[in-house]
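Colleague: Combine the two chains into a complex, taking the hints into account.
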Amino acid sequence: MKSPFSTSALSGNSGWLLDLYPGGEAGLKVWMLTDQGERLCLEMDFPVTFYAVGNFALLRQAWIHLKGRDVLLERQHQRDLFSGDLDVLAITVPRPEQVRPLYYDLAGRFPVLDFYDADIPLSLRFAARYKLYPLGHFSIDENGAISALDSPWELEPASIPLRILQLRPNSDPAQCKPTHLEVTTSKRSFRLSLQPARLFLISLRAVIRKEDPDLILTDYGDTWLFPQIEQWRTENGTSFNPNRDEGMEVHTRPGSSYFSYGQVIYRGAQSHLFGRWHIDRKNAMLFSEYGLAGVLEQARVTGLPIQEIARKSPGAGITAMQMLTALQTGVMVPVTKQQAEGRKSLGELIRADRGGLIYQPIIGTHHNVAQIDFASMYPSIIVGHNISPETGHDPHAPKGLVPQTLQPLLEKRLALKGQLLKLNKQDCRYAELKARSAALKWLLVVCFGYLGYKNARFGRIEGHEAVTGISRELMMQAKEVAEDMGFRVLHMYVDSLFVQQEGYRENEDFTPLLDAITKQTSIPILLEGVYRWLVFPPSRRDPRVPVPNRYFGAFTNGEIKARGIAVRRRDTCAFVAETQWAVLEILGQVDDPTEKYDVAMEYVREQIKVLRKGRIPPEKLVVMQKLTRELEAYRVPSPAARAAQQLVDANKEVKPGQMMRFVYTRGKPGIWALDGDKEFEMRRVDVARYRLLLERDISVLFQKKRGKSFTRAWCVERVEQLAFPFASYEYHHSISNCR
Amino acid sequence: MGRTLPTISQQLTETEAMLSRFRRMLRKEDQYLLDGLFAQARMHIAAIGQAESLLPFEAALLAMLLEQAKDIQLLKHEIAILHQRLER
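In the order they appear, the protein sequences are chains G and H. Going by the numbering used here, the first sequence opens with residue 4, and the numbers climb by one from there. Going by the numbering used here, the second sequence opens with residue 240, and the numbers climb by one from there.
Okay, chain H solo, but in the shape it has when bound (with noise of 0.2 Å):
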């Protein structure tokens, strides 16, 4: 309603076009994992409009990044029960 500057969730979209090309490019299963990088971006759309940043493409980075950092705890959780279970 009656605002200026497009939205975060604008914002993402047009990156997403701008990069179609590079999307394009590579594989089919890398596009997959591209476009979740992006779904992982979505997840925070809140906190990078927080950001306030004249880029916010950059804490979008930051939320993929934060996001795969995620899964990296989730992997070494899964491992440590895995190393659990093998000690006993």
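So here's chain G without its partners, still in its complex pose (with noise of 0.2 Å):
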């Protein structure tokens, strides 16, 4: 290979892959972590190629208008993912950055052309043409020439000697003006003043060149602390530039609102360095999901440079891979999508659009329950059953697309998910593990919901539609299976069952059900734990009827879980939340929650009189509902809307999506909006409501005694489901035989 490099005095060093971006005399920056400790850029040339396809006509009209430009033009045969090989329009420009202006240039003109490989993140480009990706190890040898030493499925990637340096102001910048800096190195902490400006950009410049950090980490850095640096900087006169390459400049992008799931997101806008990274905790997607681990084991697997990937959904993560899938295959990536749904009949759709297994639930306490979870089961089917857009499912197709991109990642994810297991929760690898395979997790579950949305660009419904599919069927075999082993199943939902059997408690009197269903569905099931006791509460409205994924229960060791009750709820308030997890717990520490009824119920009754006396402290009344609609648009305004009110009268802005933050109060307005500029009294706090509310959100705790008189009541109350034995055949007839 040509030797890619301008300069050569960087032959012989290995490192890792810090960063990369168009620039420099050749066309593309490379920053790199050297073993021994240096960071330095390399410059290369990086020669971009993109495809148009189309009317030979059109084509030979676009060759015509690139002519004479500083472009390399070549008829070539590239293939599409559903057509196969086509003519192509091979266009090739010297430097990277000049792709988009002349991809916008030839989609204008031009409109009728396909276009391929015209916005491929050049972090991939990278990836896919040196086998290199974020974080990776590398080597340089005597002709310049680029090998990667080591791949992004390495399960123990060799921890890299990152300098880290966090910036967190004193008080959230909404909220109220911050008046220092909080900073944290790896020898000390100390704290800048934010004032005067131009003293604290000397000071905190001195910082970031005694440091040289390669990540600076900050709270509100991308919608606070840079552009307040940016603006004193030009009201200062200051020079300040907090990158590594000081040829360059912050690169910011503006913040956005948008549409997903039925809700309005807002995500701020962002800063970008060059040489170095900055994430901002507090506008970085999922952070607290998985942190810095996290979001470095995602770069490693997405390609996607670290900045990108902090503040991208998993979305965007998979898509990439996708992409780089592609880019290794010789697949060209459309810029648009271009597959429409195929047509159905009526009977078609009828068996088709339909989503996971969700089964109802057998209401009331039951006892010894088994959890368990198939694990990773989407992802797994569509590996398993090759189920991609170009294949149309078919098993003995080619392995597509899709499957070839999941595949090594789900490989890694139960490798990890493994390791995770056999490890004790003290241990200090645990942490970064978990963060590490929960990354992992949040691509995968992403890449099923992506292979049904309209614009995504290796997406088709019907892969989406075949997976769930597939996933009903199998949980039916898993249902099969459990019931002719004897055992009774409670509720199922989506990739998980609960089941029961007398005498069954301990976790290894479920593993030959584990290995059964296993061996029958060929995806690996696990034992989430045993409940020692489980409720499945009924809906509110009517007691007989079932709620699907609402359940909470004990595990023999006393760990409680609970689905879809007001703990696990964002607008209860923080009072009722703790009440109601500390009832559990104190249920949860025998195996029969009605035993401790009555400790619960003076536990519940101490509450209640602690507020009374108003020593509860406000910010645990604090409840958030969410602003449905504008504010005129309210017939009769909720309470959220009257808390928007006194933000409005308060001259704060309130926008649709926004969530009200306010204490429940007596009379007139009802409420108190936390950021509006009324005088909070805790002697107004409407403790009639809260009880209420405690009362409504503890009752479900408590369960109905299963009595001697409980099947006189269940005939005339019917309040549970009839789920005992003589209800079956078997019984039927020895009852039969008796007479």
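Simulated from the structure, these hints should not be mistaken for laboratory data. Hints may be right or wrong, so weigh each one.
Unchecked claim - What follows is a set of in silico ranges between Cβ atoms, one per label pair, in the way DEER data are often shown:
1. L258(H) x N552(G): 24 to 34 Å
2. R256(G) x S259(H): 51 to 61 Å
3. Q523(G) x S248(H): 45 to 55 Å
4. Q422(G) x L258(H): 52 to 62 Å
5. S248(H) x T237(G): 55 to 65 Å
6. A577(G) x S259(H): 39 to 49 Å
7. L258(H) x A653(G): 43 to 53 Å
8. L314(H) x N552(G): 30 to 40 Å
9. D594(G) x Q323(H): 27 to 37 Å
Even for Gly, the Cβ is constructed at its ideal location relative to N, Cα and C.
Modeller: As structure tokens, then:
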């Protein structure tokens, strides 16, 4: 290979890939953290090719249009995922940043042409060409050729000696103006006063120069710190450049609102650096879910730059991975999706247009119940059944693009999960491993959704439907296996089953069942745990109607798990949620929760007393509700609307989709908005309302006792679904015989 | 998420709404029992969906019958026990 580097001074080095972006004389700048701890910038040539496909006369015109410019034009054969080999016009530009303007120019002039490979992120092209991903370990030989020394699929990549600088204001800038910045380096932490601004900029510049961090990790860096710094910098005329590459300016992107899954979501502005990274913990997607270790893991496997993936959804990550697979296997990536949904008859639609299996639970308290979950069920189906838009889910077709992308991801996640299961929770490696595993899990979870997403480039609704269809079939098989082995299936939800059998209570008791289901379905099924007791509460509207995915219970070790009840809901105030959780923990101490009913009730009574005395701190009484429409659109203002009105009165802007935070108070308007300008008075808290809220959410936890009169009550009141052995065929016969 | 057709539980709710005038004409205690029938159908939403029928209400009626059969079974069981006790 021809030496891609314009300098050969760097040959013989090895290290990790930190960052890359268009720039420099040659076209591409690459930052390397060497094994010796140096941070080096390499410059290299990086010509980039994209393709135009369509009518020959039009292609000819495009050719004439481009002739004489600094581009290389060629007629080539390239593969489209669906149409196979195509005659294409390959357009190669010498510098990566030239692709975008040229593509927009062409697409504007020749809108009928189809374009491919025109919007692929640079890091993906680099990864495809050199097999080198962000944070990958690589070396440069004496000819300047790059070779990757590891792969993103390594389970334990060597740890990279990153230098991290943390910056955090002393308050949330949206609520109260910060006065100083808390600075944390690897060695020490200290405070930097924000005023006077000039002095602050000079000190911060000194800190960055001295520490030379690879990562600046901030709170509110995107939405406040960097825009603020930019403002101070121009006002004071101080030179300040947080980039490692001082030839570059901070790259800012404006904030935006978008609509997703029926919700309006706001994403703040972004500030990207060059040569080092900036991550704003408060503006990073799912940072709370998997932290820095998870972000780095996602960058490694998706090939997207760290600063990008930290701020993007896992969906962007999975799209990147699919593009990478396409690049590596010589398939062109269309700029827009070209496949529409195929035609179906009504019968076919009824059969196909369905989601995962949701089986109604049997209402009531159950003992010694095992919850078993299929591990990564949907991704396993996609890989196992070769579900991809171009294969038509034929398992014997050559492996499709989507399964090809997913397989290594799935294997890595299962391997990490296996390691996690073996590790003690106190082990120092546990947290990081868990974060990495969670980061991969999110990618896998989204991949299935992207099969059915209308704009996904490699998505197709038929694939989506095939996955849910197969999953329902597998769940039915699992149910049949369980019932054949004498288990009662209490509930099934998408990929988990709740089973029970007299005399089975230890984890090991369920192993034969797990093995049998795994053997039948060829997807591993794992034991989440055995509940000493588990309750499926009925619907609030009608006590005879069961509700799927609403349950609470205590595992044999006393650990509590709850779904769909107040403690899991965002609009529950902390006071109610904490009390509900405490009651669950009391009930979870014993095998029969009814034994602890009195103790728990006593605790609730105490809590109500504390509430009456005004001793519950007001922040625990804050209720969150979403403003669902414009303020004027409310005919009867909901509490959220009344809270919004208080904000408007305080000259604050409110938008639909925004969360309102308030406390219920007595008299008009019945609420006190947290972000308004009215003063809070403890004595005005609406104690009766909170008591009602508490009682409503606590009463769910107390199920009717199954006394001797239970059957009687069942007949008259129909409180629980009948699921007794004597409803079975065999029992019916044994009765007839004894008559 | 992205469904074209209404779910079984939506269809049951629609049927119930369609029958609301029928329900209003019933006596109060009968209304309670009718609601019970729909509650019984709702215990089998997954199965009704699995029937993949153009008219899911047919399968819903079967689900109601099934629960009725269970009720009868339970009562038979109770009578059998009472018989045994009497014969002793």
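Colleague: Please go over all the hints and tell whether each is borne out by the structure.
Modeller: For each hint, the structure was consulted:
1. L258(H) x N552(G): 24 to 34 Å: holds, 28 Å
2. R256(G) x S259(H): 51 to 61 Å: holds, 53 Å
3. Q523(G) x S248(H): 45 to 55 Å: violated, 29 Å
4. Q422(G) x L258(H): 52 to 62 Å: holds, 56 Å
5. S248(H) x T237(G): 55 to 65 Å: holds, 59 Å
6. A577(G) x S259(H): 39 to 49 Å: holds, 40 Å
7. L258(H) x A653(G): 43 to 53 Å: At 50 Å between Cβs, range holds.
8. L314(H) x N552(G): 30 to 40 Å: With a Cβ separation near 33 Å, L314(H) and N552(G) satisfy 30 to 40 Å, so the hint holds.
9. D594(G) x Q323(H): 27 to 37 Å: holds, 32 Å
Comparing the model with each numbered hint stated earlier shows that hint 3 is the single one that does not hold.
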